[in-house]
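A.B. asks: Hints are included, so try docking the two chains, each in its own frame, into the full complex.
These protein sequences, in sequence, are chains S and F. If you read the first sequence in numbering that gives the first Met the number 0, its first letter stands for residue 0, the second for the next number, and so on. If you read the second sequence in numbering that gives the first Met the number 0, its first letter stands for residue 0, the second for the next number, and so on.
It is worth saying that the hints were derived from the structure and are not from the lab. It is possible that some hints are incorrect.
Keeping only pairs whose Cα atoms sit at most 30 Å apart, straight-line, the calculated BS3-like set for lysine-lysine is [unchecked claim]:
1. F/24 - S/191
2. S/39 - F/24
3. F/24 - S/115
4. S/39 - S/116
5. S/191 - S/39
6. S/116 - S/16
7. F/24 - S/116
Okay, the calculated bits of chain S under chain F, using three or more residues with CB under 8 Å as the criterion [to be verified]:
8. 62–76
9. 94–107
10. 135–143
Derived DEER-like restraints, expressed as beta-carbon distance ranges [what the hints assert, rightly or not]:
11. F/88 - S/156: 38 to 44 Å
12. S/68 - F/52: 22 to 28 Å
13. F/39 - S/162: 30 to 36 Å
14. S/160 - F/51: 19 to 25 Å
15. S/37 - F/31: 32 to 38 Å
From the three backbone atoms N, C-alpha and C, an ideal C-beta is built for every residue, glycine too.
As a plain string of letters, each chain reads:
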Amino acid sequence: MTMRVNMNTHSNSSLIKTHIQDLIVDWSSDVSTFKVRWSKAMMWIFLISDTFIFGTFLISYMAVRLTVIDPWPDTSQVFALHVGGTDVPLLLIAIMTFVLISSSGTMALAVNASQKKLRLRSGVLILLTAFGGLMFIGMQAFEWTKLIVDEGVRPWANAFGAQQFGSFFFMITGFHGLHVTIGVIYLSVIAKRVLQGRYDRLNDYQIVEVSGLYWHFVDLVWVFIFAFFYLW
Amino acid sequence: MKEQEIFQHPSFFPGVTEEKEHPIKLYLFIWGLLFILSALSYFVDYINLEGLLRWFLITALALLKAGLIVSVFMHLAWERIALIYTILLPPILLLLMLAIFANDGNAINYLRSTFG
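Chain F with its partners taken away, still in its complex shape (with noise of 0.2 Å):
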């Protein structure tokens, strides 16, 4: 790509939207989307699911949910990919995070019911 045409880019021009338009049908499909997911979470605390799967499928449809709103309503997925990977990258942290204090707290948990 030329220089030139780096700098004929629409960032460069504050006032020219050069964001793409999608059709209405796409939101209103993901809309229907995060209601039945909604619905499903919700009815897995109402048919009383208990461990293990129970807590798969929390975090399962949460993530679901969470992905269809960052990628369509928040148009991450027609982003450039800089832009993605600044966006989505830092928070992997928090996992690094969460492991050290599940860890933490298992730990704690030990000594109370051990010594407490």
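Looking at chain S on its own, in the form it has when it is part of the complex (with noise of 0.2 Å):
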């Protein structure tokens, strides 16, 4: 038996219909639909439906925030940082937004890296990269503790503007931290084992590539929020 489509070469035809051609072949073919590995799908799957969590979390901010009668805090107000003497807007987010970017780009070069099989430049980019997960976690540490001890910040109450702040602030960057947290023990314990040789072994890194794809997931997630609940 033989099928008309190609599935490495796109010559002849418009990239439309290749693309349609290719979700063809993959979907009716009778054997596996993704051409991946099964830890790579999975953990794409994962990841939709912790999209649809972030997703609805920020959806549901944005549903209250509509509602409210009082003003909202002011974000670049409520997060300054005093430096020098001046309120600097937001400055602690913006660190942590480049600590979270460069994590992913530490990330992106050990999966890299991985991929060329090299042990230790692989183990160490890992390593870095939890490294950056950790100092987010301990500024966002920083970042609550100012919050609720110095400005006495709550769920159901604030000094800055309509109530619902506290809640949704507190839900939303405690969901994405808790993230961060479970990716940093991921991250060592992948880097760990890249260390000590195991997927040389196997002769197999795939497994780096799947958790690069967890780290960044995490990244992306960060993107929206700084958006969205900092910036808006």
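C.D. replies: Pasting the structure below:
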């Protein structure tokens, strides 16, 4: 039996046509649909479900923020840091953003090194990524402490404006922080296994790419929290 | 493609990596771009842009960053189309939810400001 569609060469047909042909081949050929390892496919499916969790968080935040009559707290004022006699708006959040993006960059390089089976470089880069995550959690702990202890923000009350602010702040950033924490633990385990040579023995470094997917997703979620919660 | 070739696809052979490698330069370039885009969105707040321009810039910059992370860092640009659609199509439902709750939120706000 032969099939007319070629999976690898895309000559003689338009891009759209090729896409549709590819789609039909993958879903109809009575073999596994996704031409990737199960570990990567399952991580993506998990990340889709996580997308819906954070998506519904941010949408519920939008819905409630639309309903309130009191003005929503001015985030660039709430999250300002007092540096050198002046208040710099959102300074800590900006630093957290850069730290998380940098950890995403080192993770991308770690995946690249793992594909070349460079054990040491890959392991060290994953450790660097986990360290970036730790710095992020540390700064978040500082931020929460400042808000709870110094400024008296509670899930049900705050001095800046609409009372609903606190519950969404703690829920959204808390859930993201939980993801970062789990990611740090996850990456530490993977780094240990890389450095111990487990994936050299298996001759298979795919798990580094899979853990990278999780870490980049954590960064991705922060992009939207930064935009819609802190900047909007 | 012959049936036999389908079964020779790397996904049937655990232990063999099929990922394409990309030059480190590409990752460093995207990294730099993400830094610049983040700095720009911070700048939008810093210079106190207000109203429609602020919201447009914040959303556009966030979507650009998200696109770069997903397509390059998460390698989605190089995956097969069946996987890409499986990942990117379901989240469109979130837009529907967004529309429904924006409507609902505005309605409640109207009720509160009129009768509250």
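A.B. asks: Run every hint past the structure and note whether it holds.
C.D. replies: For each hint, the structure was consulted:
no. : hint                     : in the structure
1   : F/24 - S/191             : holds (27 Å)
2   : S/39 - F/24              : holds (24 Å)
3   : F/24 - S/115             : holds (15 Å)
4   : S/39 - S/116             : holds (18 Å)
5   : S/191 - S/39             : holds (20 Å)
6   : S/116 - S/16             : violated (37 Å)
7   : F/24 - S/116             : holds (18 Å)
8   : 62–76                    : holds (count 8)
9   : 94–107                   : holds (count 8)
10  : 135–143                  : violated (count 0)
11  : F/88 - S/156: 38 to 44 Å : holds (41 Å)
12  : S/68 - F/52: 22 to 28 Å  : holds (26 Å)
13  : F/39 - S/162: 30 to 36 Å : holds (33 Å)
14  : S/160 - F/51: 19 to 25 Å : holds (22 Å)
15  : S/37 - F/31: 32 to 38 Å  : holds (34 Å)
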